[in-house]
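Trainee: Chains as they are written, first to last, in the numbering used here: chain B, 1 to 181; chain A, 1 to 150; chain F, 1 to 493; chain U, 1 to 119.
No wet-lab data here; the hints were simulated from the structure.
A virtual CB, placed ideally from N, CA and C, is assigned to each residue, including glycine.
Among the hints, a few may not be true.
[Unchecked claim] Once the Cα atoms are required to be at most 20 Å apart in a straight line, the calculated EDC-like pairs of lysine to aspartate or glutamate come out as:
#1 Lys-157(F) x Glu-107(U)
#2 Lys-441(F) x Asp-268(F)
#3 Lys-373(F) x Glu-451(F)
#4 Lys-373(F) x Asp-473(F)
#5 Lys-157(F) x Asp-115(U)
#6 Lys-441(F) x Asp-270(F)
#7 Lys-157(F) x Glu-110(U)
#8 Lys-441(F) x Glu-107(U)
#9 Lys-157(F) x Asp-109(U)
[Unchecked claim] Sample of chain A residues facing chain F (criterion: CB under 8 Å; computed from the structure):
#10 His-28
#11 Ala-46
#12 Val-63
#13 Val-67
#14 Ala-70
#15 Gly-83
#16 Leu-89
#17 Gly-91
#18 Phe-93
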Amino acid sequence: MEALIINALLTTMAVTVVAMALQRNLFSVVVLFGAYSFQMATVLVALDAVDVAMTEAAVGAGVSTVLLLAAMHLTGGVEAKPLHRPWLPLVLALAVGGVLAYGMQGLPAFSDPLAPIHSHVAPRYLAEAAAETGVPNIVTAVLASYRGYDTLGETVVVFTAGAGVIALLRRRRKAAKDDAR
Amino acid sequence: MSNDLILRVIAKLLMPYMLVFALYVQFHGDFGPGGGFQAGVIAAAAVVFYAIIFGLPAGRRLVPDRVVEAMLAIGVLLYAGVGLAGLALGGNFLDYFVLDTSPVAGQLRGIFWVEAGVGLTVAGVMLKLFAMFAGRAGADKGADRNGEGG
Amino acid sequence: MVGHLAMLQVVLPLVAAPLIVLVRNARFAWLAATVVSYTCLAIALRLASHVAEAGTLSYAIGSWAAPWGIEYRVDPLSAFLLVLVSLTAALVAPYAWRSIAAEVPADRQYLAYAMYCLCLAGLLGMVATGDAFNLFVFIEISALSTYVLIALGPRRKALVAAYQYMLMGTVGATFYVIGVGLLYLMTGTLNLADMALRLRDAQDLRPVYAALAFITVGIGLKLALFPLHQWLPDAYAEAPSMVTAFLAATATKVSVYVLLRFYYSVFDPDALFGRLPTGAVFIGLSVAATLVASYVAVHERDAKRLFAWSSVAQIGYITLGIGIDNTSGLTASLAHLLNHGITKGAIFVLLGGVALRYGAGTLTVDGLAGLAKRMPLTAFGLVIAGLSLIGIPGTAGFVTKWMLIQGALERGMWWVVAAILASSLIAAVYVWRVVESAYLKPAPAGESRAEAPAGMLAAGMALAVLCVYFGFDTSFSVGGAREAAEFLLRGSR
Amino acid sequence: MNTLAGHYSYWIAILLMVAGLTMLIARRNLLKKLIGLAILQTSVYLIYIAPGKLIGGTAPIIAPGYGVYSNPLPHVLILTAIVVGVATLALGLAIVVRVREAYGSIEEDEILALDRAGE
Chain B
1 MEALIINALL TTMAVTVVAM ALQRNLFSVV VLFGAYSFQM ATVLVALDAV
51 DVAMTEAAVG AGVSTVLLLA AMHLTGGVEA KPLHRPWLPL VLALAVGGVL
101 AYGMQGLPAF SDPLAPIHSH VAPRYLAEAA AETGVPNIVT AVLASYRGYD
151 TLGETVVVFT AGAGVIALLR RRRKAAKDDA R
Chain A
1 MSNDLILRVI AKLLMPYMLV FALYVQFHGD FGPGGGFQAG VIAAAAVVFY
51 AIIFGLPAGR RLVPDRVVEA MLAIGVLLYA GVGLAGLALG GNFLDYFVLD
101 TSPVAGQLRG IFWVEAGVGL TVAGVMLKLF AMFAGRAGAD KGADRNGEGG
Chain F
1 MVGHLAMLQV VLPLVAAPLI VLVRNARFAW LAATVVSYTC LAIALRLASH
51 VAEAGTLSYA IGSWAAPWGI EYRVDPLSAF LLVLVSLTAA LVAPYAWRSI
101 AAEVPADRQY LAYAMYCLCL AGLLGMVATG DAFNLFVFIE ISALSTYVLI
151 ALGPRRKALV AAYQYMLMGT VGATFYVIGV GLLYLMTGTL NLADMALRLR
201 DAQDLRPVYA ALAFITVGIG LKLALFPLHQ WLPDAYAEAP SMVTAFLAAT
251 ATKVSVYVLL RFYYSVFDPD ALFGRLPTGA VFIGLSVAAT LVASYVAVHE
301 RDAKRLFAWS SVAQIGYITL GIGIDNTSGL TASLAHLLNH GITKGAIFVL
351 LGGVALRYGA GTLTVDGLAG LAKRMPLTAF GLVIAGLSLI GIPGTAGFVT
401 KWMLIQGALE RGMWWVVAAI LASSLIAAVY VWRVVESAYL KPAPAGESRA
451 EAPAGMLAAG MALAVLCVYF GFDTSFSVGG AREAAEFLLR GSR
Chain U
1 MNTLAGHYSY WIAILLMVAG LTMLIARRNL LKKLIGLAIL QTSVYLIYIA
51 PGKLIGGTAP IIAPGYGVYS NPLPHVLILT AIVVGVATLA LGLAIVVRVR
101 EAYGSIEEDE ILALDRAGE
């Protein structure tokens, strides 16, 4: 039953993406992107990835859509140009998809408990993380403690984006004086 | 947008609950879904909500630019600081066992401060992104063409 | 104790960046960047000597054992790269002050130094880590800071160059993550050493081959492997001079390291070079790169773009060494990481001096007319570095090409030897275009300004001298490279 | 049912990747390219997290009365990937805004024409 729900949600996501690829008006693409991100968050909840779903909803759907709308407002984008000669990019993308499809054949089936990812590193997290770190939410335990260095790197990535946007969009001192500090 | 009475009243009512929810998500991360990233975004959303309703200058008065840029940097320094503290106390980098008397208490303490650092940085970045993009709206008129409009 | 040093090597620049953003002062930012660069060089040398004696160094971050926590692993190959990246940083950072001051608006200079520290931390983090996903995080750190550095370039084209590089770089990083995902799904672990062990007994090889394809194309985009190099000429030509000098000597080299790490320490080289035509593909692409890129360089008007295309050709020599896949080929490839890094670093630092004195607009081949009279030392330095590009005996470039030819002869690939010589001749043509303009063409009237500022000139000449030094005393460059190559080949065969 | 579901999530991931790549390469508008890039990045989420799910399992939060949990490790990795994706998007949009001000347009062909004319 769960697999049915997951597949249904995945299908709606596929429909949104195809609509987005064909859409020309920029504003509707941004709105569709917001809807797409929320659908992804729903699929993630169905896949029992609750932390990721919350992050996708808050960071993925919330912030990305707001930024896209702000940038679209600044660049005044209503794309008039039709999609021309998409065949080469489509062929290229399908080739890359084909390589992934080829690779995917050999992977273990859906929710197979004997798959390598369920039998090597993860069992120790599920068995001992709560005891060792005192945190029942294993994702937070792994995120902050076992792989804490990844999260430090990630925080630095967010910091780099923030400082980078300051460097790019900060208004010059003289121009900045006229807008109320 | 800013002179509409209903919106201003609603905004004032909603603001505290949004901030409390952000703090809840930050500290509830140990027991349920949540953590620094989500909390940072929700806290920033509250201030952005205020800035949209009451105007960007009001938003800048609520959280001045210098404070936001400081939050941005202090979050990362806090996180790396916890790591270096572990180093100083005799463990490896980012070692939480040595942060407190008992290993588990050390882990809890380490995870708490690390998530706080993440929350601070993410909130700072999201606020700065909004301020930069929104502040840029006025730039169309003032920006000159030769790419110096930075 | 030495393990902490491997950690501090990456954490110091990582912490320096937020400090710089907190202090918001350009002078402090430059000082912090310089101190951090020199400390990293000292640590890198200390690590290299430790690894030379005691072998591979492993450090569990957070005191969690390897597959569960993240592990830093420094072996002869990564020690060699750490020294290369820190050496370039140590030479470029102290002299960046005047160049950044001239090309980046005043209120943004401290951010440029913050991005420089982040890029350094990202590159060092990529080299030192033994964890596949941690490698992705540090690829992103170095990539994002590089996009910002390029976008800070003086001309408006820098923005388009940064945008193009961002698109291709992010597609590359995403392909890398897909490749690592397939490997993770097959082995259950993210630690590179652990993954290598578990890959040996994988029955179904289809996902492994798909992962190989994704990682090769993904990292190929990051290192500008021949058909995936479109972003490099614009990015190097439009970035501020000191940024180009630093990137040209380090960014693509660390991506080559990542490719080598996966080819020799994760995938099974027998399957890789035996059953799959990887060797042939690399040789084909490399030869194409050296010939086509050198040919395009001959027709370039803009000097920085000319040498950027030359970088694409020189990266072709590095990947050629990988394709030849024997000890001397691999040693040549690793030695060229250092040799080309110094050569290209010297050229872009000296061009930075010219841009500072006469403005970025004069960096065309005709704009360099009469440079020898106006800036004699800079011109002389450019000649030495140019000779090293061509591979004239007595320069660092010759050492690499000589070993590449040896490697090719061992494999009986006569046509590869011919291609190396042909591309060197083409390289001679475009270097001669610059030298001829600098020495034989008359200087435009009224241009009598003096030499580049002492600081920048010293950096450029130091690198140029290193080009000659490593042409004669190859104990460190070829010695270190040979040891790393044997470690790679012995470790996996 | 299981075999169909077994790889269905992969086929959707491939569809997302193909759609993202096509948008990225075929579209001329710089903003549309960034959205294509974002979609390409989201295809990675399914590749990591779908195999982590165990039918009948629950979220990896240890609670009495639950034995089967989905795999926490891909969740941590994808949390990182989402935040990196947003960081790249924010930087990309900042560059697009600056390109718009410097060139007056965000259509790739117009920009290239301006550059050739400018040379």
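Trainee: Please go over all the hints and tell whether each is borne out by the structure.
Mentor: A quick look at each hint next to the structure:
no. : hint                    : verdict
1   : Lys-157(F) x Glu-107(U) : holds, 14 Å
2   : Lys-441(F) x Asp-268(F) : violated, 55 Å
3   : Lys-373(F) x Glu-451(F) : holds, 10 Å
4   : Lys-373(F) x Asp-473(F) : violated, 32 Å
5   : Lys-157(F) x Asp-115(U) : holds, 7 Å
6   : Lys-441(F) x Asp-270(F) : violated, 55 Å
7   : Lys-157(F) x Glu-110(U) : holds, 13 Å
8   : Lys-441(F) x Glu-107(U) : violated, 41 Å
9   : Lys-157(F) x Asp-109(U) : holds, 14 Å
10  : His-28                  : violated, 23 Å
11  : Ala-46                  : violated, 24 Å
12  : Val-63                  : violated, 17 Å
13  : Val-67                  : violated, 12 Å
14  : Ala-70                  : holds, 6 Å
15  : Gly-83                  : holds, 7 Å
16  : Leu-89                  : violated, 11 Å
17  : Gly-91                  : holds, 6 Å
18  : Phe-93                  : holds, 4 Å
The structure fails to meet hints 2, 4, 6, 8, 10, 11, 12, 13 and 16 from the earlier list, while all remaining hints are met.
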